[in-house]
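> Protein chains in written order, with my numbering: chain A, 1 to 218; chain B, 1 to 317; chain C, 1 to 483.
Just to be clear, a hint being listed does not mean it is correct.
So the derived list for chain B, only partly shown, Cβ under 8 Å to chain A, looks like this [stated by the list, open to error]: (1) L181; (2) V293; (3) E295; (4) A298.
Hints in this document: simulated from the structure, not taken from any laboratory.
Just so it is clear, the structure is predicted and the values come from calculations on it, not from any experiment.
We put the CB at the ideal spot given by N, CA and C, even for glycine.
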Amino acid sequence: MADSLFSQLVGLSAGALLLSAVFLVWRRTQSGSIRLLSLQGVALATLVALIGVHRANFETFAVALLVLLLKGVLLPVLLTRSALRQGEERNTPFMNPTAALFLVALLAVLAYVVSRPLAILGSGPTTQVIPVGMTLVLIGFLLLATGRHAIAQLVGFLVLDNGIATVAFLTAGGVPLVVELGVLIDVLLVVLILRVLTGRIRDVYGATDLDDLTELRG
Amino acid sequence: MNTSAVLLALLQIIVMILITPFLIGLMRQVRNRLEGRVGAGVGQPWRDLRKLFAKEPLRAPGTSWIQAGGPVLLMVSSLSVCALVPLISTLQSRLIPGDLFVVVSVLLLGTVALALVGLDAGTAFGGMGSSRHMTIAALVEPTVLVAVFALSVPIGSSALGDIVRARIVDPSSIISLVSLLALVALGIATIAETSRMPVDNPATHLELTMIHEAMVLESSGRDLAWLELGSWLRLGALLGLIGSLLLPWGMATEPKLLAVLLGLVMLAAKLFVLASLLSVTEVFLAKLRLFRVPELLAGSFVLALLAVIASYLLEAR
Amino acid sequence: MRYLLLLSLTVCLLLAMATATLREPILNRFAGIVAATVVLICGVAILLSVLANGPLTVAGGALRADALSAFMLTVVGSVGLNSTWGGLAETKSVSGESWVYPTLVVLFLATMSLAVLADNLGVMWVAIEATTVTTAFLVGYQNTRRSLEAAWKYVVIGSVGVAIAFLGIVLIYAATLAAGSPTLSWAILHVSHLALDPAVIKVAVALTILGFATKAGLAPMHSWLPDAHSQAPAPVSGLMSGVLLSVAFYAILRIQAIAGSVLGVGFLRWLLVGAGILSLLISASLIWAQKDLKRMLAYSSIEHMGIVAIAAGIGGRLAIAAAMLHVLVHGLAKSSGFILAGRITNADGTTEMGALRSLHVRRPGLANPFLAAMVALVGLPPFALFFTEVAIVLAGFQAGLGWVMILLALLLLLNFAGLIRHTASMVFGRAEIEPEIVQPIDHSWHGPRIPIFLALTVAIALPFISRLGHVLSQIADVLKVIR
Numbered sequence: 001m002a003d004s005l006f007s008q009l010v011g012l013s014a015g016a017l018l019l020s021a022v023f024l025v026w027r028r029t030q031s032g033s034i035r036l037l038s039l040q041g042v043a044l045a046t047l048v049a050l051i052g053v054h055r056a057n058f059e060t061f062a063v064a065l066l067v068l069l070l071k072g073v074l075l076p077v078l079l080t081r082s083a084l085r086q087g088e089e090r091n092t093p094f095m096n097p098t099a100a101l102f103l104v105a106l107l108a109v110l111a112y113v114v115s116r117p118l119a120i121l122g123s124g125p126t127t128q129v130i131p132v133g134m135t136l137v138l139i140g141f142l143l144l145a146t147g148r149h150a151i152a153q154l155v156g157f158l159v160l161d162n163g164i165a166t167v168a169f170l171t172a173g174g175v176p177l178v179v180e181l182g183v184l185i186d187v188l189l190v191v192l193i194l195r196v197l198t199g200r201i202r203d204v205y206g207a208t209d210l211d212d213l214t215e216l217r218g
Numbered sequence: 001m002n003t004s005a006v007l008l009a010l011l012q013i014i015v016m017i018l019i020t021p022f023l024i025g026l027m028r029q030v031r032n033r034l035e036g037r038v039g040a041g042v043g044q045p046w047r048d049l050r051k052l053f054a055k056e057p058l059r060a061p062g063t064s065w066i067q068a069g070g071p072v073l074l075m076v077s078s079l080s081v082c083a084l085v086p087l088i089s090t091l092q093s094r095l096i097p098g099d100l101f102v103v104v105s106v107l108l109l110g111t112v113a114l115a116l117v118g119l120d121a122g123t124a125f126g127g128m129g130s131s132r133h134m135t136i137a138a139l140v141e142p143t144v145l146v147a148v149f150a151l152s153v154p155i156g157s158s159a160l161g162d163i164v165r166a167r168i169v170d171p172s173s174i175i176s177l178v179s180l181l182a183l184v185a186l187g188i189a190t191i192a193e194t195s196r197m198p199v200d201n202p203a204t205h206l207e208l209t210m211i212h213e214a215m216v217l218e219s220s221g222r223d224l225a226w227l228e229l230g231s232w233l234r235l236g237a238l239l240g241l242i243g244s245l246l247l248p249w250g251m252a253t254e255p256k257l258l259a260v261l262l263g264l265v266m267l268a269a270k271l272f273v274l275a276s277l278l279s280v281t282e283v284f285l286a287k288l289r290l291f292r293v294p295e296l297l298a299g300s301f302v303l304a305l306l307a308v309i310a311s312y313l314l315e316a317r
Numbered sequence: 001m002r003y004l005l006l007l008s009l010t011v012c013l014l015l016a017m018a019t020a021t022l023r024e025p026i027l028n029r030f031a032g033i034v035a036a037t038v039v040l041i042c043g044v045a046i047l048l049s050v051l052a053n054g055p056l057t058v059a060g061g062a063l064r065a066d067a068l069s070a071f072m073l074t075v076v077g078s079v080g081l082n083s084t085w086g087g088l089a090e091t092k093s094v095s096g097e098s099w100v101y102p103t104l105v106v107l108f109l110a111t112m113s114l115a116v117l118a119d120n121l122g123v124m125w126v127a128i129e130a131t132t133v134t135t136a137f138l139v140g141y142q143n144t145r146r147s148l149e150a151a152w153k154y155v156v157i158g159s160v161g162v163a164i165a166f167l168g169i170v171l172i173y174a175a176t177l178a179a180g181s182p183t184l185s186w187a188i189l190h191v192s193h194l195a196l197d198p199a200v201i202k203v204a205v206a207l208t209i210l211g212f213a214t215k216a217g218l219a220p221m222h223s224w225l226p227d228a229h230s231q232a233p234a235p236v237s238g239l240m241s242g243v244l245l246s247v248a249f250y251a252i253l254r255i256q257a258i259a260g261s262v263l264g265v266g267f268l269r270w271l272l273v274g275a276g277i278l279s280l281l282i283s284a285s286l287i288w289a290q291k292d293l294k295r296m297l298a299y300s301s302i303e304h305m306g307i308v309a310i311a312a313g314i315g316g317r318l319a320i321a322a323a324m325l326h327v328l329v330h331g332l333a334k335s336s337g338f339i340l341a342g343r344i345t346n347a348d349g350t351t352e353m354g355a356l357r358s359l360h361v362r363r364p365g366l367a368n369p370f371l372a373a374m375v376a377l378v379g380l381p382p383f384a385l386f387f388t389e390v391a392i393v394l395a396g397f398q399a400g401l402g403w404v405m406i407l408l409a410l411l412l413l414l415n416f417a418g419l420i421r422h423t424a425s426m427v428f429g430r431a432e433i434e435p436e437i438v439q440p441i442d443h444s445w446h447g448p449r450i451p452i453f454l455a456l457t458v459a460i461a462l463p464f465i466s467r468l469g470h471v472l473s474q475i476a477d478v479l480k481v482i483r
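Isolated chain A (complex conformation):
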């Protein structure tokens, strides 16, 4: 693949990752969030596939397929089913979206500052967009910290995870395959566990509003 085209496509998929994260902060209905998350998964898979093709590395390409299946399809489907079971709830986060959006801009600046030392890890388009991965990590944190419902927190966790994966593929073209598989399985398990816990919390509390989880103090 030509270098300039590669660099453009990497920029484009990184842009899609960032855009989906920003829209996730703004749009807080559950089904909308899950769709955006799925989109983000696809964008991540595209990025991985691009790196795989560019480096002519079959392993990376296979990982891209896995990422697509897991983050683009399986996890969103799991979340959707979980959301459907509890009925569409409007997701009112702790922070008003306008403030959250401006916080995103600040977080982006922070991410750029943090990523500055990483610039020496290589040159070329993949190194340039590392800050996007870091921004994703921070936005994931934001979503997690301000999400009121179980699903919203889950989405935040997955955005955070996508961010980490983005940084991993951008800096090192991914970690060794064994570790990669372990990570993907762990993420899947965590999501499954949180799903089961969501169900149980709903059975016990009657809702998944995590504001109610205030019995343990001190």
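Once you have looked at the hints, place chains B and C on chain A.
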């Protein structure tokens, strides 16, 4: 060079005046057809204008000169924008600075004129519309400014013509991260600025939600015609700017007849494509509740800001 | 000998499969004990072998045991044995005939063993994240409002923290890639002189330590710990407080060694010492106001992790050796404490310390060992924690951290006073309202005595083993900074 640039600017004005009513007609027609109605035809806005221009403006007692001057001022601002924004060619004269900041301030002038017209009659709806419009404008103008600024950073010039020319030279920069973020921000800002869905519904007169229609409620006849044409021109010019940034091909880079003709055809094509797209998406969108609008605009502003950050830190190396 | 590394993992996995498929009541009951015993035996055997012949590797270097990992495996085994054996009665009352509970406990032991045996930082990460996965349902096992809340917080905060650690590990990997030889092997990272970029390693190490510190319950990322450790069934609390925290801390030690060889020892010292002091401060203030017995024990774990963090910050042979002994003895004492607390709360039907009075008169069979465990935990002689704490303070003075050590001693005293106050009022204090029906004096231990007895004996006897100093310094030498 200078004369030809002035001539081209004049050409842009004339072309835009001719095209934009058809553009609006097209958008309405597309919407009508998609919603299963016949529609009044593409030429209807022109017929409306002709009718309005022929009518004497009725002004409510107690209104001031603003009722007559505001529409003209809006028209002047819109025409200036049409002249300043690179639409047919990227040529710019020193006489007419197509600078980003100039364009935004001229746009703002029109916004203020429109808001004053809404306030002048002292009716409840006019005031409401003006206040809403100013709220939106306060968020939109910085977004436009920041978004285009992000595009100007890699080029090192804030002249719109230079930005577009650089994109013709290096088309790959169009799908870069910076460009993507900036264009999405600019798109949202354009929709809000020109009072389209999902910010305002141009097709209703529902007093509780309308923005643009509320401001022009007290104007009639010639005044209304100026206001309508002025607003359409703004939409046309902003769509044209997005078109030039997104698809800069075919624009004249030198003052030759053939190139200019090509630029003209391309402009028309770009505008019609973008307008149809906008219209199609509008069919699928529901209007946002008013207090959600600032969220949308804050989002677009953040995107523009991200674009600036990205442009500084990515392109610097 | 090297196949012992595989043995503990294989046995645990087979046992887990057996409990999950056979669903045999006897197996369910004893699976945890068998697994812990195997891990303990493997740990001791590997430790002896490593001390004699140097590190063992197996499976192409994927698993590696040096003195440190062998020691940690021993800690996992011994604390695991104490918790599972001592918690037999509790396990039965909590899980009944269910196969889920024993399977998860065995898998939990397996993941901890993998975490300490893996040479690859990535695999170690996966194993530590897997401990969250296996313990999540154990924390929420009782399915009450409180336990579900605790489980939710535990999984979310734990996974996010550990995810941050993964970001750091990724950056370490990227740094090795940039230096020309991509690896995540700790042995290579520690020994070889790869030209790793200091700026990248700085960011990477900071992120990794932050992440694993969350899992290790160091302040200010400790908020999940008292919830999770107080809501889990007592044997699981014992395992989590006694050894899971230490396994997470083991990861910090490994990363610290890498950071030391690239950046020098100064970089992490103040981070660790600061987190340690903050942990002690928080535990001291919250122990004083504590009303819940198991939460008090959980805060005491935060205190002890703080002490270990300070020891790691001080660095050097004496501090690290003391920290290692501290980890083992704390694990034994804390698991005994949780088991006994579980028995007490089951017997009296409450975890409110205000309602648990005059235990010494009413239930001497439980009060006496509980008192012993608490005395061990607050670091009174003859228990080993006294000697390790003294050693850590001494090492701190030697390293020139005199003021910090004075602060540490003060905070230790505060923690000590808080714990003793609560314990004394529970064991010896009079109930405000005398029970109307006078119950017969309860001499029963409410469960196996041998593990508790053994654990507390070991906690006393360890410092008197003559070869111990030699063994501990060999363990500490594993982490020696090579520049």
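> Does each hint hold? Answer for all of them.
Hint check:
no.	hint	verdict
1	L181	6 Å, holds
2	V293	10 Å, violated
3	E295	4 Å, holds
4	A298	4 Å, holds
Checked against the numbered hints above, the structure breaks only hint 2 and satisfies the rest.
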